Amino acid sequence: MINSYVPLSYYLLLSAFLFACGVLGFLIKRNIITIFMSIELMLNGVNLSFVAFAAHWHALAGQIFVFFVMVVAAAESAVGLAIIISVFRTRETLNVDQVNLLKL
Amino acid sequence: MNPNLNLWLIPILPLAGAAINGFFGKKSSRQAVTTVALFFSGAAFAWALWVAARFSSLTLPYQEYFAHWIRSGSFSVDFAFYLDQLSLVMLLIVTGVGFLIHIYSVGYIWEDPSYYRFFSYLNLFMFFMLTLILAGNYLQMFIGWEGVGLASYLLIGFWFTKDSAASAGKKAFIVNRIGDFGFLIALFLLIKHFGSLNFSSVFASIKPFAPETAGVGLLTTIGILLMVGACGKSAQIPLYVWLPDAMEGPTPVSALIHAATMVTAGVYMVSRSHVIFERAPIALTVVAIIGTLTAFFAATIGIAQTDIKKVLAYSTVSQLGYMFMACGVGAFSAGIFHLMTHAFFKGLLFLAAGSVIHSVGGEQDMRQMGGLRTKIPWTFWSMTAATLAISGIPGFSGFFSKDEILWRSYQASWIYWFVGVITALLTSFYMFRLWFLTFFGEYRGTAESAQGTAHGHDAHGPHGHGGIHESPKVMVIPLVILAVLATVGGYIGVPGSLGGNNHFDKFLGPVFRSALPEGAQNASIGEKSASEKETEGAEPKTEASTELIFTGISVLAALTGFGVAWLFYYRRRDLPAKIVASFSGTYDTLVHKYYVDEIYAAVFVKPLINFSTRVLWQDVDRKVIDAAVNDAGYGAEHVSDEVRHMQSGNLRSYAGWIAAGSAAVIAFMIWMGVR
Chain A
28 MINSYVPLSY
38 YLLLSAFLFA
48 CGVLGFLIKR
58 NIITIFMSIE
68 LMLNGVNLSF
78 VAFAAHWHAL
88 AGQIFVFFVM
98 VVAAAESAVG
108 LAIIISVFRT
118 RETLNVDQVN
128 LLKL
Chain B
507 MNPNLNLWLI
517 PILPLAGAAI
527 NGFFGKKSSR
537 QAVTTVALFF
547 SGAAFAWALW
557 VAARFSSLTL
567 PYQEYFAHWI
577 RSGSFSVDFA
587 FYLDQLSLVM
597 LLIVTGVGFL
607 IHIYSVGYIW
617 EDPSYYRFFS
627 YLNLFMFFML
637 TLILAGNYLQ
647 MFIGWEGVGL
657 ASYLLIGFWF
667 TKDSAASAGK
677 KAFIVNRIGD
687 FGFLIALFLL
697 IKHFGSLNFS
707 SVFASIKPFA
717 PETAGVGLLT
727 TIGILLMVGA
737 CGKSAQIPLY
747 VWLPDAMEGP
757 TPVSALIHAA
767 TMVTAGVYMV
777 SRSHVIFERA
787 PIALTVVAII
797 GTLTAFFAAT
807 IGIAQTDIKK
817 VLAYSTVSQL
827 GYMFMACGVG
837 AFSAGIFHLM
847 THAFFKGLLF
857 LAAGSVIHSV
867 GGEQDMRQMG
877 GLRTKIPWTF
887 WSMTAATLAI
897 SGIPGFSGFF
907 SKDEILWRSY
917 QASWIYWFVG
927 VITALLTSFY
937 MFRLWFLTFF
947 GEYRGTAESA
957 QGTAHGHDAH
967 GPHGHGGIHE
977 SPKVMVIPLV
987 ILAVLATVGG
997 YIGVPGSLGG
1007 NNHFDKFLGP
1017 VFRSALPEGA
1027 QNASIGEKSA
1037 SEKETEGAEP
1047 KTEASTELIF
1057 TGISVLAALT
1067 GFGVAWLFYY
1077 RRRDLPAKIV
1087 ASFSGTYDTL
1097 VHKYYVDEIY
1107 AAVFVKPLIN
1117 FSTRVLWQDV
1127 DRKVIDAAVN
1137 DAGYGAEHVS
1147 DEVRHMQSGN
1157 LRSYAGWIAA
1167 GSAAVIAFMI
1177 WMGVR
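In the order they appear, the protein sequences are chains A and B. In terms of the numbering used here, the first sequence opens at residue 28 and continues consecutively. In terms of the numbering used here, the second sequence opens at residue 507 and continues consecutively.
Bound-form chain B, shown alone:
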């Protein structure tokens, strides 16, 4: 028997914070708002830690019933909570990183007049994200799923007076709707065929199914539809376009929502539904292919961007691609592992970028930075840790998780691995490019932006910048904590070939293993079953040495990326211009992000707008709906105008009508009588 953990408190606490700040924040002081926001997000974190401390004594999955929701015949959905190793990991990431980013935001957003609104939204986001993670059924997960979309919309458009921010918010919301459509259809299919949305009962009724190797069946359909939903939320091809634009929001938002937590919801959802995916090899292949393509293409776009946050945005898209690649080859725990390390280092990268932007007075163009190494040392060192981590330099967290993914994807197909390694090289290149451009060389910005008079993109209030300066302590401390996590976070999952025993994989093991029935496991798709089995015990010696070779290759790729970046952006800074000159076509394509936004605009947006304007507005709305209403009014007016003459006020004409009417009645009665 499990003790009552009161899991419902974890999402409710940030909701309370959001409500208090939202309703009363306007009149409270900044200190009060800060206290409320930090207390409630910190309390959620503390509760999560408490849950984690008691975790080992639980029988899993721990389920908690909170309240009725929907009862309709045999179909029922409750507000319920579901805790297993997977949700615990997510819970700690979201509350922990979320709390750190709350602290950081205090310094970042202090000058903004809508201080309280920011924290209210941020807490609201935490509420929905925790609802998503702790949900005991798909519908509750969907509430969280939509809710984080709402919070994301509100926060992207936080500076809504700026047109670009408002439309970026709308874009994110609308693109997400496309994904949610797929998700919803998948839910309907689940209801229709399994009569339930509760994780435990759905998974229990799916367990006896054999993998659908023959062709597209029910589970494959559900899997692909779920993936459509994940594509929207986690910014995968073809729905990734909203994420780079989402950088219009304040930088802590980019860190929390668009790097560390919300965008990983898709990965979480796919991992949570692994029971379905494992029985739908075609859907898994789709996941893997989408992930691989996204990882690669986003990385190539990242190379050519000059906006520091845009580079990080494409990098996020690319890293999410890695996670889906991992899920797609059946290595869910590797995907979640990368999700965790990514939350640390990418959250840190964004926060550090925010600190850089803050220090140079709102400038986001890396070409206007440079030489900041000595001026903002704390930011520099934490950013260095994050850059090393994301590039996969050995010893840092990203190395372990990325290496795990690459190795597991090699076991599925060498193509995934190959593209993955190329992507790793590109990742390393663009990250060190960012690093060199920002921190090395000499300062290229104008003097006045350093004085803080020029307020660019991310301007936050009239704010006396005394030149380039380090951010306040409240911003630096989260950076340092995350830097430590980004450095050592990988050691909980050191793979066997490197002398570790992959605690992380073992910890998540019970969630992902034993998903397939014993017999079906052998029958399942060739390489994947090998990888399945492999996790069950210690890796064989021969494989360990092969794995070491592959590790060597990916380290080599990371170092090559570093070397090229060093050559281009430190040693020979004239080289990039020459290369750009000789490959101007390719470069233009990359700068314009493969013209995807333009293609979408031409193929989907423009026709939709034209159709809406010409047909829906001009024809349907104005000529049918408006016309019907107006004509009804005009018609009544015309008829009344005519009929009005009867009411002349002339007594004798009334009498005439009465006489005529009576005559008609009499005539009718006579006619009836005669008949």
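Next up, chain A with everything else stripped away, as it sits in the complex:
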């Protein structure tokens, strides 16, 4: 049970902060693992805002969405990690800037 004395805006600010951290990490970092983690961070930032709203409005839909997001995130990390491993095996690097065969 969320403490009702903590206002909604605090959760939203934290959620925005987490999301922004994820975006920044995604944009700045070169290491593919870090980028991957940034994506997870963004997803979790969004999840936080979902549950915060759900609690605030006493609506369950938000929490159900969070489950969906987590399922997709789990699937995505499984596939993503598999891709990363195969990339590392062929290219022997985790630097995304060097994985640029399709670039112009």
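For the record, the hints were derived by calculation from the structure and aren't laboratory data. Among the hints, erroneous ones may be present.
Unchecked claim - Have a look at the derived ranges for each label pair, beta carbon to beta carbon:
1. B:Ala1173 x A:Ile112: 33 to 41 Å
2. A:Ile91 x B:Glu1143: 39 to 47 Å
3. A:Ile91 x B:Asp1137: 26 to 34 Å
4. A:Ala82 x B:Met1175: 18 to 26 Å
5. A:Ile91 x B:Ala1166: 25 to 33 Å
6. A:Ile91 x B:Ser1168: 32 to 40 Å
7. B:Met1175 x A:Ile112: 35 to 43 Å
8. B:Asp1137 x A:Ala101: 27 to 35 Å
9. B:Ala1142 x A:Ala82: 47 to 55 Å
10. A:Gln125 x B:Asp1125: 50 to 58 Å
11. A:Ile91 x B:Gly1139: 53 to 61 Å
12. B:Ala1142 x A:Gln125: 27 to 35 Å
13. B:Gly1139 x A:Ala82: 54 to 62 Å
To be verified - Over the 12 Å line for every Cβ pair with chain B, so calculated as not near, a few chain A residues:
14. Ala43
15. Leu51
16. Ile55
17. Ile60
18. Glu67
19. Met97
20. Leu108
21. Arg118
Keep in mind the model is a prediction, meaning the values are calculated, not measured. Every residue gets a Cβ at the ideal spot worked out from N, C-alpha and C, and that includes glycine.
We have chain A; now place chain B onto it with these hints.
Coordinates of chain B only, in the frame set by chain A:
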């Protein structure tokens, strides 16, 4: 009720010939091409004769509806045919002379590799000319009018590999456009004010109008604009310059198109529109003045030309001037009469000239001819008949028609008559000059041109000339037929003063008479109404004797011309050189055709070319139109070049754009919310 004459067949037959020869002629033999061409033009002639045979039983004007064309509200134009005495005369001239010239061409053009093309064009010309003549409305006439211009262009430039021929074709086409502009504006005026272009309805709605004696009104404007069109097609001042150049075409073409038929289309059109002109005395005066001036000036130019075809070309311009003079004084039937005799003798002159050129191996300069009398007797005798006819020697066709015109023009004003007689003298002089130079004296050409190795202007293929020789029979027979016509053709219109009763004038009478309402006729312009009335009955006795005096004067003029030519070019052949020496300025002006081509070049052509080059090409085309297209392309390229960097393929930069975009959207939404 009129029987159905199927007039539409007459133009369609030559069109079929043109199509067959045009599409399949290349692979067919010459004999096949000849058969097709002669069959279809001959069939048109035969049909015309059949129509003529049934003519007396028709109620005139006979009109035939063929098909819809334009329907727009109350305005409608159909493909329709209109036959009256005037179109019948033209029909017989065009199909008859046209058929003869087709026959002649078989011999003339036989050696040319583009044999089939020539006949295809010739048949096409017949189609358009017959469309023009038989048209039931002005628009259909305009189709024919443009079509003969096209055929003329194609045939002048028949030897298009020769630069001069190609540009002569273009010149003819462009000069004609100027005239057509006037014609078109006249048609628009007719549509605007009378809501129709059909001859019958236009003329019916104009009939109640009184003559516009007071000043320039609607009918005067239409009349003058129509005359502008006629000036272009019929080579009158100031648009005559294309006709002499048109002599670049094969000689049968000069005979058919640029002497006998197409160039007379203007005269036909003015005569057809006589209802308009009779109510526009100012326009009629313009016609008469243009005709008179053209007759005179072209004749003076003709004196100094040395190219046999150029002499005939200027002579044609001059004779057309006579016809317009006749129309201008209200003597339309005299104009058409001269049109007919002119078609005979001028067609013959050109064909005979073609035969002469053929016999001397392509030489066209009369100074290189001479003494051909005995070598090509058939050509000589037929040319003699034509020369006598055009000079107005009594007994030959040209005498009657020219005399009729001079007499009728005297009734309008003595100035027309005076200039006309001077022109007759000049005509007689330059024609006999041509005659003497070509056929008398001794042969002045080089031996090799007589052997046929030198191919000049009119060269037609490698062609073994065994010296100077008479043309083949297929060329001589049309010459003889036309010579007979040129001799006796005038007897259908012997004027009353000479004991005849002017059948021709009476035949055409119903077309041209009763055009003015009874009351208006008396009010119409003085002398002209006199001439109008005069045609209505037998000429009074006193006038007949006056007319005889005038006939005497014009015969005298013709004989004087002959005498002078005889003196200069037969008896004392040193004289011309001396005269040229003492009048070198005048002579140069005449040789250079009054420098009209040069003046036109300086006043119209050069400025137009400069304007087109500097402004239209360099500025408008290259700096505006091309620049707009190119800059649009370059602009797209530059923008793309910059924008391309967004599509780096770098995933994180895409993500950055997405993030920035979302941030912008969010910022916008917040801003909207705050507001």
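Results for each hint:
The hinted range of 33 to 41 Å is satisfied by Ala1173 of chain B and Ile112 of chain A, whose Cβ atoms lie roughly 39 Å apart. The hinted range of 39 to 47 Å is not satisfied by Ile91 of chain A and Glu1143 of chain B, whose Cβ atoms lie roughly 52 Å apart. Taking the beta carbon of each, Ile91 of chain A and Asp1137 of chain B are about 58 Å apart, not inside 26 to 34 Å as hinted. Separation of Ala82 of chain A from Met1175 of chain B is about 24 Å and conforms to the stated range, judged on CB atoms against 18 to 26 Å.
Checked against the hint of 25 to 33 Å, the C-beta distance between Ile91 of chain A and Ala1166 of chain B comes to roughly 32 Å, which is consistent with it. Checked against the hint of 32 to 40 Å, the pair Ile91 of chain A and Ser1168 of chain B fails, with Cβ atoms roughly 25 Å apart. In this structure the hint that Met1175 of chain B and Ile112 of chain A lie 35 to 43 Å apart at CB holds, the actual value being about 41 Å. The beta-carbon spacing between Asp1137 of chain B and Ala101 of chain A, approximately 56 Å, falls outside the hinted interval of 27 to 35 Å.
Take Ala1142 of chain B and Ala82 of chain A: their Cβ atoms lie about 54 Å apart, and the range 47 to 55 Å holds. At roughly 56 Å, the beta carbons of Gln125 of chain A and Asp1125 of chain B sit within the given window of 50 to 58 Å. The hinted range of 53 to 61 Å is satisfied by Ile91 of chain A and Gly1139 of chain B, whose Cβ atoms lie roughly 55 Å apart. The beta-carbon spacing between Ala1142 of chain B and Gln125 of chain A, approximately 34 Å, falls within the hinted interval of 27 to 35 Å.
Remark: the range hint 54 to 62 Å for Gly1139 of chain B to Ala82 of chain A is upheld by a beta-carbon distance near 60 Å. For Ala43 of chain A, the shortest C-beta to C-beta distance to chain B comes to about 10 Å, within the 12 Å cut-off, and the non-interface label is violated. With a closest Cβ-Cβ approach of about 9 Å to chain B, Leu51 of chain A is found to fall inside the 12 Å limit, against its non-interface label. Listed as a non-interface residue, Ile55 of chain A fails to keep its Cβ farther than 12 Å from every Cβ of chain B; the least gap is roughly 8 Å.
Against the 12 Å criterion, Ile60 of chain A stays outside the reach of chain B, whose nearest CB is about 15 Å from its own CB. In this structure Glu67 of chain A is separated from chain B by more than 12 Å, as the shortest Cβ-Cβ distance comes to about 15 Å. Listed as outside the interface, Met97 of chain A is consistent with that label: its C-beta sits roughly 22 Å from the nearest C-beta of chain B, beyond the 12 Å cut-off. Leu108 of chain A, annotated as away from the interface, keeps every beta carbon of chain B farther than 12 Å; the closest lies near 17 Å.
Under the 12 Å C-beta cut-off, the non-interface status given to Arg118 of chain A relative to chain B holds; the minimum distance is some 15 Å.
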